[in-house]
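Trainee: The listed protein sequences correspond, in order, to chains V and L. When the first sequence is numbered by our numbering, its final residue is 1599 and no position is left out of the sequence of numbers. When the second sequence is numbered by our numbering, its final residue is 111 and no position is left out of the sequence of numbers.
Hints were generated in silico from the structure; no laboratory data involved. Among these hints, one or two may not hold up.
[Said to hold, decoys possible] In the DSBU-like style, the derived pairs of lysine-lysine whose C-alpha atoms are separated by at most 30 Å in a straight line are: (1) V:LYS1555 to V:LYS1537; (2) V:LYS1487 to L:LYS54; (3) L:LYS75 to V:LYS1487; (4) L:LYS75 to V:LYS1541; (5) V:LYS1541 to L:LYS50; (6) V:LYS1487 to V:LYS1555; (7) V:LYS1502 to V:LYS1539; (8) L:LYS75 to L:LYS58; (9) L:LYS66 to V:LYS1487.
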Amino acid sequence: DVKVTQSSRYLVKRTGEKVFLECVQDMDHENMFWYRQDPGLGLRLIYFSYDVKMKEKGDIPEGYSVSREKKERFSLILESASTNQTSMYLCASTTAGTSGANVLTFGAGSRLTVL
Amino acid sequence: GDSVTQMEGPVTLSEEAFLTINCTYTATGYPSLFWYVQYPGEGLQLLLKATKADDKGSNKGFEATYRKETTSFHLEKGSVQVSDSAVYFCALRVDTGFQKLVFGTGTRLLVSP
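Build the full structure now, drawing on both the sequences and the hints.
Mentor: Here it is as structure tokens:
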């Protein structure tokens, strides 16, 4: 069974802490994504990566950075957590190419609370 | 820019009722359209998709037809079950090569016995 695994389901951090959210996929997918999910706002794209060491800003990259050192792993980093980054974070991956049949596979999510 | 508009929820129905969740979109080019579902405590999973005008996606009794003339992709099910209670997201993708999805805000469905 193919999977996208987010290592931490629930985290509680303090304002100013550095936070790492890890995502690993076992499908040999080229593309990986980080979204945040907030009530009434749906999912918003933070960053995505289409290859190792490559990254692109999404719609709301401010306050975040990412790292993709290996194809299967895509990390989201909050350099200095703030309360407005309290949210559900979703990682997803898909194969490369422009086929309309390509589908995103999502992880179960990481719920982050910043106090 | 590209966007998706969904009806606000929650949608509250009794078991075996007919379901419609409206979704309209704005996009440049010819997008692919998707419905994703999120069950409580889980991530999103694909429910159905359509890649060109007049295509009908279907899965688990749910259906949606890609209507280019009305820029819509409404989700329907003839008889809902309690187990269908979830949040439903409409999404589009314009194939720029990076497979980015643009999501609607989600519609919560609550089905009571």
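Trainee: Each hint needs a verdict: does it hold in this structure or not?
Mentor: Structure-based check of each hint:
1. V:LYS1555 to V:LYS1537: holds (9 Å)
2. V:LYS1487 to L:LYS54: Holds, at about 27 Å.
3. L:LYS75 to V:LYS1487: With Cα atoms ~28 Å apart, LYS75 (chain L) and LYS1487 (chain V) stay inside 30 Å; holds.
4. L:LYS75 to V:LYS1541: Violated, at about 37 Å.
5. V:LYS1541 to L:LYS50: holds (28 Å)
6. V:LYS1487 to V:LYS1555: Cα-Cα ~14 Å, so holds.
7. V:LYS1502 to V:LYS1539: holds (20 Å)
8. L:LYS75 to L:LYS58: Satisfied, since the Cα-Cα distance of roughly 9 Å is no more than 30 Å.
9. L:LYS66 to V:LYS1487: violated (34 Å)
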